[in-house]
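Q: Position one of the sequence shown corresponds to residue 0 (numbering that gives the first Met the number 0), numbered consecutively onward.
FYI, nobody ran anything at the bench for these hints, they're computed from the structure.
You may find that some hints are simply not true.
Stated by the list, open to error - Using 20 Å as the maximum straight-line C-alpha spacing, the simulated EDC-like pairs for lysine to aspartate or glutamate come out as follows: (1) K143 with D131; (2) K55 with E13; (3) K21 with E98; (4) K138 with E98; (5) K156 with D131; (6) K58 with E13.
Unchecked claim - Derived CB-CB ranges, DEER-like: (7) S34 with K156: 25 to 35 Å; (8) S42 with N151: 17 to 27 Å; (9) L2 with N153: 13 to 23 Å; (10) N67 with V44: 18 to 28 Å; (11) K113 with S6: 27 to 37 Å; (12) N16 with S99: 37 to 47 Å.
Just so it is clear, CB atoms sit at the ideal spot from N, CA and C, and this is done for glycine as well.
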Amino acid sequence: MNLKITSLSSKNFEIINNRIIKYIIIHYTGMQNQSKAIRRLQSRVAKVSCHYLISKKGKIYRLVKDKNVAWHAGKSRWENDVNLNSKSIGIELVNKGNESYPSNQLKTLLHLLKFLKKKYKINSKYILGHEDIAPKRKKDPGPKFPWIKLYNLNLSKKR
């Protein structure tokens, strides 16, 4: 699959030269709809962003370039790493938080994960949910996210 990515822009990022990308963090937007989610991810007031957003129909939007640090993980920890923004790619899935994930959205996510995993040589055990790295604060991508599908494709750790 050739990934078609539409570029949008968010001012909510930092530049760190030669950053090492070790993680991919999966989120849900938790917003009523896609346009509200994009506005929030672009808002200087909100101070949040992500690298990619995937619509329910499976369209990919890039808000922050991979080489830059998006503000998606917040206060976070995994193993010996803390504050994972600087070491990760953040992917937001348009979802209110209590919805099933549409097949087109998941299909696109799987292709994007395969691409990023190969490009940055990311270990499958470091493809995580926001809930994994901030368990007391976050619940996304939530109980309806099909982790077993990712695990079966070597795109996540066993849960």
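Q: A separate judgement is required for each hint: does it hold in the structure or not?
A: Now for the hints, and whether the structure bears them out:
1. K143 with D131: With a Cα-Cα distance of about 15 Å, the restraint between K143 and D131 holds, given a limit of 20 Å.
2. K55 with E13: At roughly 28 Å apart (the allowed maximum being 20 Å), E13 and K55 break the hint.
3. K21 with E98: With Cα atoms ~29 Å apart, K21 and E98 exceed 20 Å; violated.
4. K138 with E98: holds, 13 Å
5. K156 with D131: holds, 11 Å
6. K58 with E13: Violated, because 25 Å separates the two Cα atoms, which is more than 20 Å.
7. S34 with K156: 25 to 35 Å: holds, 33 Å
8. S42 with N151: 17 to 27 Å: violated, 37 Å
9. L2 with N153: 13 to 23 Å: The hint (13 to 23 Å, Cβ to Cβ) holds, given that L2 and N153 are roughly 19 Å apart.
10. N67 with V44: 18 to 28 Å: holds, 20 Å
11. K113 with S6: 27 to 37 Å: violated, 21 Å
12. N16 with S99: 37 to 47 Å: Between N16 and S99, where Cβ atoms are some 41 Å apart, the hint holds.
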